[in-house]
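Participant: As a plain string of letters, each chain reads:
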Amino acid sequence: KAGVTQTPRYLIKTRGQQVTLSCSPISGHRSVSWYQQTPGQGLQFLFEYFSETQRNKGNFPGRFSGRQFSNSRSEMNVSTLELGDSALYLCASSLGGSGGRNEQFFGPGTRLTVL
Amino acid sequence: GEDVEQSLFLSVREGDSSVINCTYTDSSSTYLYWYKQEPGAGLQLLTYIFSNMDMKQDQRLTVLLNKKDKHLSLRIADTQTGDSAIYFCAEGGGADGLTFGKGTHLIIQP
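Top line first, the protein sequences correspond to chains Y and F.
Per my numbering, the first sequence starts with residue 1, numbered consecutively.
Per my numbering, the second sequence starts with residue 116, numbered consecutively.
Calculated from the structure, these hints are not laboratory results.
Here the structure is a predicted model, which is why all the values come from computation and not from measurement.
Please note: incorrect hints may appear among the correct ones.
[Unchecked claim] Stretch-level coverage of chain F by chain Y, calculated; a stretch enters the list once three of its residues show a Cβ under 8 Å from a Cβ in chain Y: (1) 129–138; (2) 176–188.
[Unchecked claim] Pairs of lysine to any residue residues, derived as SDA-like cross-links and limited to a Cα-Cα distance of at most 20 Å, are as follows: (3) Lys151/F x Asn59/Y; (4) Lys217/F x Thr38/Y; (5) Lys183/F x Tyr163/F.
Note that the Cβ used here is the ideal one computed from N, Cα and C, for glycine as well.
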């Protein structure tokens, strides 16, 4: 089974621009979660989508948004980029059952650099 | 709020055992996880433990859970250079996402 794929792997943007990142989950997985990883804050949960609906959201400003398509692929968008948005953005897929064991499998990440 | 704490660095000699410790605050967590991250890569799920278990062994990995103290540890037997990575403890999952510790850098001395 193919793993979680993320595109692009690397991205360089300037302040004020917007960016869209893509994630394709493992076949059969209906849940996609997004995380931001920075040296200072570590791994932080952004949001989770299940069956095209945002099921939960972390503590990030409204500039961070996402969506999920009917094939479970997900996109994350960041508008009006700030220098502090430079980070590794990780996507994780899972079967999506709430509660219980719900192992998340991570993609390789997209490294975003904001200049 | 939920919090997961880990020490930042651990240095061990090749062939010795590594023990990485983690404390967490959310007593309602049903599962606790250990992930490994190698340089430039995403997170790899190593193992997990159900909250009503005390111990789980999987080849060179042993997970110990002290639910009363909210303390989790990962023991890696016969540590090899390929084990050099950042190890993350995580709790939660499902709709609430995972809460991660800051990660422990495991450094292997020859």
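Participant: Please flag the earlier hints that this structure goes against, numbers listed from lowest up.
Facilitator: Hint check: 1, 2, 3 fail, others pass.
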